[in-house]
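Asks: Going down the list, the sequences are from chains U and P. Start counting the first sequence at 1; every next residue gets the next number (this note's numbering). Start counting the second sequence at 1; every next residue gets the next number (this note's numbering).
All clues stand as given, with none of them false.
In the BS3-like style, the derived pairs of lysine-lysine whose C-alpha atoms are separated by at most 27 Å in a straight line are: (1) U:Lys26 x U:Lys85; (2) U:Lys389 x P:Lys131; (3) U:Lys389 x P:Lys138; (4) P:Lys539 x P:Lys416; (5) P:Lys417 x P:Lys536; (6) U:Lys50 x U:Lys94; (7) U:Lys402 x P:Lys132; (8) U:Lys389 x P:Lys132; (9) P:Lys469 x P:Lys416; (10) U:Lys50 x U:Lys33; (11) P:Lys417 x P:Lys539; (12) U:Lys307 x U:Lys277.
These are calculated hints, taken from the structure and not from any lab test. These figures come from a predicted structure and were not determined experimentally.
Single-letter residue listing:
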Amino acid sequence: MLSLTIREVSLALREGRISPTELCRKCLNRIKKTQHLNAYITVAEELALKQAQEAESRLLQGAPKGLLDGIPFAVKDNFCTENIKTTCASRMLKDYTPPYNATVVQKLLDQGAVLMGKTNMDEFAMGAGSTDGAFGPVRNPWSYASPYRAQTGAEPDSDWVITGGSSGGSAAAVASLTSYLALGSDTGGSTRNPGALCGVVALKPTYGLVSRHGLIPLVNSMDVPGIITRSVDDAAIVLGILQGLDIRDSTTIHCPSSPTEQPEVFDVRNVCVGIPKEYHAPGLSQETLTQWSHVADLFEKAGARVKQVSLPHTQHSIVCYHVLCHAEVASNMARFDGLEYGHRSAVDSSTEAMYSTSRHEGFNDVVRGRILSGNYFLLRQNYEHYFVKAQQVRRLIAEDFKHVFSSGVDVLLTPTTLADAARHSDFTQEDNRTRSAQEDIFTQPVNMAGLPAISVPTALSSRGLPIGLQLIGPALQDRKLISVAQWIEQRVGFPSIRDQGDTNERRSNTGVTEREQTSAV
Amino acid sequence: MAASSVAVGALLYNINKQISLLYPKASFHHIHNRCLVRRIGTSVSQCKSQPQLKRKSAPHELVGVVGLEIHAQIHSNTKLFSGSQVGFAAPPNSLVSFFDASLPGTLPVLNRRCVEAAVMTGLALNCIINKKSLFDRKHYFYADLPAGYQITQQRRPVAVDGALTYSLLGGQKRSQVLSKTVRIKQIQLEQDSGKSLHDDQRSQTLIDLNRAGVALMELVMEPDMSCGEEAAAAVRELQLILQSLGTCQGNMSEGQLRVDANVSVHRPGEPLGVRTEVKNINSARYLARAIDYEIQRQIGVLERGGTVQNETRAYDSKSGHTIPMRDKEGLQDYRFMPEPNLPPLTVYEDDKALPAGIEARQVVVVERVRLRLPELPGVKRDRLVRSYGILPEHSFTLVNEDGLMDYFEAVVRETKKEPRKVIGWVTNDLLGHLKQQDLSVSQSPVSPSALAELLDLQETGHISSSVAKQVFQEMWRSPGRTALQIVQEQDLGLVSDTAELRNICQRVVDSHPEQVQAFRNGNRKVLNKLMGLVQKETKGRADPVLVRAILEEITS
Chain U
1 MLSLTIREVS LALREGRISP TELCRKCLNR IKKTQHLNAY ITVAEELALK QAQEAESRLL
61 QGAPKGLLDG IPFAVKDNFC TENIKTTCAS RMLKDYTPPY NATVVQKLLD QGAVLMGKTN
121 MDEFAMGAGS TDGAFGPVRN PWSYASPYRA QTGAEPDSDW VITGGSSGGS AAAVASLTSY
181 LALGSDTGGS TRNPGALCGV VALKPTYGLV SRHGLIPLVN SMDVPGIITR SVDDAAIVLG
241 ILQGLDIRDS TTIHCPSSPT EQPEVFDVRN VCVGIPKEYH APGLSQETLT QWSHVADLFE
301 KAGARVKQVS LPHTQHSIVC YHVLCHAEVA SNMARFDGLE YGHRSAVDSS TEAMYSTSRH
361 EGFNDVVRGR ILSGNYFLLR QNYEHYFVKA QQVRRLIAED FKHVFSSGVD VLLTPTTLAD
421 AARHSDFTQE DNRTRSAQED IFTQPVNMAG LPAISVPTAL SSRGLPIGLQ LIGPALQDRK
481 LISVAQWIEQ RVGFPSIRDQ GDTNERRSNT GVTEREQTSA V
Chain P
1 MAASSVAVGA LLYNINKQIS LLYPKASFHH IHNRCLVRRI GTSVSQCKSQ PQLKRKSAPH
61 ELVGVVGLEI HAQIHSNTKL FSGSQVGFAA PPNSLVSFFD ASLPGTLPVL NRRCVEAAVM
121 TGLALNCIIN KKSLFDRKHY FYADLPAGYQ ITQQRRPVAV DGALTYSLLG GQKRSQVLSK
181 TVRIKQIQLE QDSGKSLHDD QRSQTLIDLN RAGVALMELV MEPDMSCGEE AAAAVRELQL
241 ILQSLGTCQG NMSEGQLRVD ANVSVHRPGE PLGVRTEVKN INSARYLARA IDYEIQRQIG
301 VLERGGTVQN ETRAYDSKSG HTIPMRDKEG LQDYRFMPEP NLPPLTVYED DKALPAGIEA
361 RQVVVVERVR LRLPELPGVK RDRLVRSYGI LPEHSFTLVN EDGLMDYFEA VVRETKKEPR
421 KVIGWVTNDL LGHLKQQDLS VSQSPVSPSA LAELLDLQET GHISSSVAKQ VFQEMWRSPG
481 RTALQIVQEQ DLGLVSDTAE LRNICQRVVD SHPEQVQAFR NGNRKVLNKL MGLVQKETKG
541 RADPVLVRAI LEEITS
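Here chain U stands alone, though its shape is the one from the complex (with noise of 0.2 Å):
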């Protein structure tokens, strides 16, 4: 039961084969039984109870409020809850409890939707790896899944492998089956880069399709709400509930198509998939480059057009993105000064003592030097050669997609990531700001630009972790970008955690495992 797609949940639950209170016990008991995957900051136990049994109620009267009532979610704790603890996996919002949704959160909940808890991340969404927030590191579910352990011969407890990040803990969630589908934000990938290192389907929709009302921001002019499910039809289930105007974000525009409109019928002989060379990054692995080809290969075996493009200002992009993050990260971290919420020094000798220190012991290190390196990049006698400068590069990144998708080309594929999940002992090697230079080599131009892109799992790597490719599509063309993902996820059959001798459940009770596999089938 628990590694079905939404649809097919949301089936189950009207049919009565479950009721959404045994659902919402099973999630809230896998949570307890993957506990050290450390995916959630916040398990809202009792409300998550409490909102299943209302969602019994309506499907038991069969007036369900939508296609997902009763069905578990998680969300990435920078998005707003209301009445639940939302940290940022900071010490700065350790005890703060916002007094609204999000928007993204709100429609969610207003499907009738079960919110299970808040998940884990870096620190303010800053980092590639999921290992730099102030509740400590996500462990990839596929560490504990026998392909890794038996390619690997890792020991568990040693050798995991990171989610990759920043929506590590969201995309840990999906991939171990506690939630059908979790909220994550996506500033430079970090919604697509887990989820291709989870083996999860990652949407980062375009830039302004879906509110940021409640997301606590990294950098307003990039974010945009993730989406991680299972399957690209969830996916697609889910950009159609969440996209939209909203008032409340003046960056939103209205959604191209209706949302409960299903994928068009999709011929992939119509379709011109574009393969920019200068993802030919270094450090792309063997077998991710192998899976490009792969793909690229049945586009061209099924009579779709696959041609190399050009992109020519990649490189410069990831430069770029760099001091325009740091720019509004410097911004947007002003408000924490420890006086309207958030943590509050001790210190309180002046207001500038206690501002200084109650930001010194909020903020990790991370966080401090962006803010500092973002200030030192908006100083009067900067901003010209750095912000001024990288939003001309960023200008010139947004005409390198649009020229390549006016001369024809319908998508890009290419990899959402150089190679698949590293050990975590080998990542924090490196410090996060290598890390995330690396990490967001392929997934940063899309948020440039404001571009749809989407991460679909194709295969696992000989070390048994899963390998995603990245579709990126013209703005507002989320669906069609989906309609080709859907036809990869069908080509290529990447396996369920739950066929791979997965060993998450470390004590689990194999009554119960049997039970939900026989009811799946």
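Starting from the structure of chain U, add chain P where the hints point.
Replies: Relative to the frame of chain U, chain P by itself:
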């Protein structure tokens, strides 16, 4: 939203109780004595450098140069970027939305009314309205700036390149109306900050965020003025314009209009001198005094061979001096950055310019705003002079006193008396009484129609002018009684019984032989004295035309 505002308010209030900031700062938020300064100009602020004089004055003489930065709070129901209400004297932190308190994840949503107000103000000040303007973040840490930055319009403001024409009384008898113009560099929309209340005794700072996020228009006036009186007159004219537009209530003591003055001195023809910025000015009168003090101070510094420091100074209304503020401005780098959560602000010239699918009510259309522009003070004054034949200085009094013009026009409509004769009643008698009791025109116990009735009694010869004044006093004291009632009750009607008047005149003539002699010798003025004596006898009720005729007849 109301409920949630309360929640934040409570939250903030609790926090406030704990904030203890050991940082003595000048409090900017005294509520000043209710001094309704209407007529501006002070004894020290006689402007020396009027254009005619300027040319004559010696070229080596130092003269003042004054520019202004004015923050006008936009009169709107809700704040610039949030739905919380705007109110002056609400309980602390009761008008605070999540956005105003900078709760993480909240985003600004531009209030269209505020944009309209800025556009309307821009039009009234002859500005160019930028069809596209931009919002920026200006960063600094301050306890009453919750987000750590203010959203403002640094790169491209909503309106630019305007001009304000204002007038002041000048000339030898200060009765000549001088017209001047100051250029408006720009009008930008921005957020107001909260208020910090410093409790020095307990080393505490309390924060009230009710004002945080209220919409401001920052108007920058070029350094086209030369003294305090000019600056005060320009601000007064601006105040009138804003009030007639309804875009700002303009009350300086409540902080709805805040003026900072940039002051420097130089010798005409030479480059401008180093300027200081004078803050903490909360009335037009203090503005004039602060500027004139500062000009004299700078001249004094230079004449003693010193140099003027580029600094921020605060005006101390008690001493009338400006004193240096601890100045962090010079070190501040505001690290301006585009506001990423607000798309460029687009306004449209007219309905034809609207893109498909966008309705006029969703956006700001300049032409529609222009059509709603009310009659501006300058136009009003011209019209008053033209249509009523009154003097320009009277038109100033009528327009500059809130409600007085309407009062005057209402009286004129209802009385047979000529407007030129009504004006004195309104600008002297009525206004004098109002001032004496510190009342506004709308609080006058004598309504325009009551005054009109009184004037008609006089005009039609039922009462004399001196009785009219007497009746006016009575009406002021006991509102509700009509002029006619008072005249009848107290028997104040004009005595026009020729026989009775003749008797009285005869008595006066008989008892004042010397005056009569003088009159006969050709001193015509003496007749007035005799007439006065007759009026005294009749308690002012005698018909003066008749009295004069009788007296002339008797004495000739």
